[in-house]
Amino acid sequence: MGIKSLEVRLGRLSLKTPIIIASGIFSYGEVNIDYLDYKKLGAITTKTITFLPRKGNPQPRIWETPSGIINCVGLQNPGIKEFIKKGLYNVSLKGVKTIVSISGENPDEIKKMTDMLMDKGVEAIELNLSCPNVNRENRMVSQSPEDTYSIVKAVKDIAKNITIIAKLSPSVTDITEIALAAERGGADAISLINTVKAMAVDIEKKRVIEGGLSGPAIKPVGLKAVYDVYKKVKVPLIGIGGITTGEDAIEYMLIGASAIGVGSGFFSNPYLIDQIYGTFIKFLEKNNLKKIADATGLLNEKKDKGAGKRKG
Amino acid sequence: MEAKKFIIRKNLHLTDKLYLLELEGGFNKKPLPGQFIHINIEPFFLRRPFSIAGYREDSLKVLYKIAGRATDILKIKKEGEILDIIGPLGSGFPVKNSQKNVYLVGGGTGIAPLLFLSEELLKNNLHINITFFYGAKNINEIVFNILPCGVNYIFSTDDGSYGNKGMVSKVMEGYIKRGDIPDVIYAGGPYEMLKKIAEISEKWEIPAFVSMENRMACGTGICYGCVTKIKSKKGWEYKRVCKDGPVFNSKEVLWE
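These protein sequences, in sequence, are chains A and B.
Counted the way my numbering counts, the first sequence spans residues 1 to 312.
Counted the way my numbering counts, the second sequence spans residues 1 to 256.
Heads up, some of the hints might be wrong.
Facing chain B, from chain A, some residues (calculated, C-beta under 10 Å) [claimed, not checked]:
id	residue
1	S27
2	P60
3	W63
4	P270
Calculated pairs, EDC-like style, for lysine to aspartate or glutamate (alpha carbon to alpha carbon, straight line, at most 16 Å) [as the list claims (entries may be wrong)]:
id	chain 1	residue 1	chain 2	residue 2
5	A	K55	B	E237
6	B	K234	A	E82
7	B	K30	A	D34
8	B	K5	B	E42
9	B	K29	A	D34
Calculated directly from the structure, the hints in this document are not laboratory data.
Quantities reported herein were computed from a predicted structural model and do not represent experimental measurements.
Where a beta carbon is used, it is the ideal one built from N, C-alpha and C, also for glycine.
Isolated chain A (complex conformation):
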């Protein structure tokens, strides 16, 4: 059978496995989860950091729906200064890489934050351009190709040697347009998808709960986004949305993801990371593949054949 490699690359970022913990579900990695086998993780993405501290949204922040949850945590975080002071950009996680997730109220804030992270040895920054829980009345950055392009470009101009990942919302007319704009702006990878804009109605307490939907309910939405975007862009994709089994993770890889992000599925299934790892190895053995990178896009095709092999 030979040795199977799960190593993948996202721009300059090299990961020992394609299994990433998605942003917002794992704090900053500083909470030790005893039953998690960290060796099987490629990276964890921090909870999103903003320029100024944010208290976050009032209760209720969590609302269960059929096959999913709506969350409206609202980016509670200590702000970038405190984040750096506490060394949260890279808590020691047994060799697991850290992707720092940032978001800003305006391009200026995001540029300042990038500047502040430049000398910290950060290998990757994910731009959260798609949180549904801040300034709900306003458009998210990733709902506009122009805004997406200019933010990504502004960050990439500063952080030339850092892998820049753009995280996009599925709540748009055509996600491929946004993905192409992120790529033009210089994104080294694209995370698809953030939570889906959603709401619930509490008839008992006569209130509405607005937020972002995650969980198995959104897996088909995430798959379709990765499938469509893969055809059009060259940069690697991180497939996220409703992964609760190893098979779910393989599905994302086959239609074009180079890595996958685990979100709220980890809450219910403490064995999820082990299961994905095991499923990847078994898939390679069964299909006579040497490395997981060879599974990427097996069931999809690039539209622009001239695009050739993707970066990384």
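Since chain A is already given, all that's left is putting chain B on it; use the hints.
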């Protein structure tokens, strides 16, 4: 925290909407009274948190109330079925050996962590005097047959169908007014009840520790879904009930 399988030994209907689960299995690290477990109840996506109501090396007790569809499923689970559990989670009640006179105040299923606490207090401190103020809606919601021995129980019900009529916090304050000042108060129950306990403890300068509840997603401190307002240098901040709590010093909580 550990991810473990427990076997259901008993799933007893106690009274009205209250049930007692007796599970076989254990954690490598002994849980503290006040800590909770997170149970996977299929087909629900999120786990459900439950206080630990009793623990021995090879068994764990959960007192629960039918509160929705998940507990409706839990109540029909049979002996021999397996439960997938994460625990023990959160903080426990801080206990000092010097405590001689202790008040426990429980409302409804809020008594669950106090049952475990009273067992542990009695085990570790032979000279302790425990008064357990137990409040319920009515006599049908009181679970007499699972209350530990060696504790002085003072009952109260909203409708007066058993014990004192009225709020458990008021009944407790009556004892304090008559001069029985405890070293510490430990409480579990609805938010409004805990708030009253906090006010009384402040007024009489008696330390109080309250076990809080909230909707939870992760249960382990990584998602920030279950936060509650806790006083801080700058006024207040949201802290996690699952990780920073569920037991808080009542003085730290910003009551609303």
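Quick one: which hint numbers does this structure break? Sort them smallest to largest.
none
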